[in-house]
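2 protein chains.
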Amino acid sequence: MKELLSEIKYDANGLVPAIVQDAETNEVLMMAYMNAESLRLTIESGETWFWSRSRSELWHKGATSGNIQGVVEIRVDCDADTLLVLVEPAGPACHMGERSCFYRNI
Amino acid sequence: MKELLSEIKYDANGLVPAIVQDAETNEVLMMAYMNAESLRLTIESGETWFWSRSRSELWHKGATSGNIQGVVEIRVDCDADTLLVLVEPAGPACHMGERSCFYRNI
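One line per chain: the protein sequences are A and B, in this order. Each residue of the first sequence is one higher than the last, beginning at 5 in our numbering. Each residue of the second sequence is one higher than the last, beginning at 5 in our numbering.
If you're looking for bench data, these hints aren't it; they were derived computationally from the structure. Ideal Cβ placement from N, Cα and C applies to all residues, glycine included. Treat the hints loosely; a few may be bogus.
[What the hints assert, rightly or not] Here chain B is said to cover these stretches of chain A; the calculated rule only asks that three of the stretch's residues, wherever they fall, bring their Cβ under 8 Å from a Cβ of chain B:
1) 22 to 32
2) 61 to 73
3) 93 to 103
Could you put the whole structure together from the sequences, leaning on the hints where they help?
This is the structure in structure tokens:
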């Protein structure tokens, strides 16, 4: 695990995109960004933590809404520059009240 | 459709992350980046096109490998800064020969 963690390629802002997927239904719920600290908090707490780019602060998903996401598994892609986080969501992922942020269709 | 397209928020490099998901199995296959031109080509051709950040060129997924991805649906998230592309893949998404790029587990 430590080896893979050290391989992760953060971007110029120290961030890596993290896709969040429902571990049971496989629905893609949201995408957000993690820095090394939020990834560490995610692994240690077993709940998702992100870096909020708009607020420039660590963001414990569900801290306000109660809709925390329990982490089931974290995967890394071949280039080690994107994460896939499988979760058990306690409620809707989207601040619009939708289960998934991807509720609109082009 | 045109309204949603004009809402898409590209980053400072003119790119938007595009999560690619198998429309049948819901497996997340890969993540890559689109610019407005590759999104236009994707919509027009019904096959995924991306912007290759490493090669700085448009990239028709599968043009070399044959593993094209037929587009079933394109979704936009609540912030309009991430796309979710549901596809029927003709073969493995990953250049490592794996079905999904997310084959490694932390």
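Here is what the structure says about each hint:
Evaluation of the coverage hint for the region 22 to 32 of chain A: fulfilled, as 6 residues show C-beta separations to chain B shorter than 8 Å, against a requirement of three. Against chain B, the region 61 to 73 of chain A contributes 0 residues with a C-beta closer than 8 Å to a partner C-beta. That does not satisfy the three-residue criterion, and the hint is violated. Remark: the region 93 to 103 of chain A is confirmed as covered by chain B, as 4 of its residues place a Cβ nearer than 8 Å to a Cβ of that chain, reaching the required three.
Consistency note: the structure conflicts with earlier hint 2 alone.
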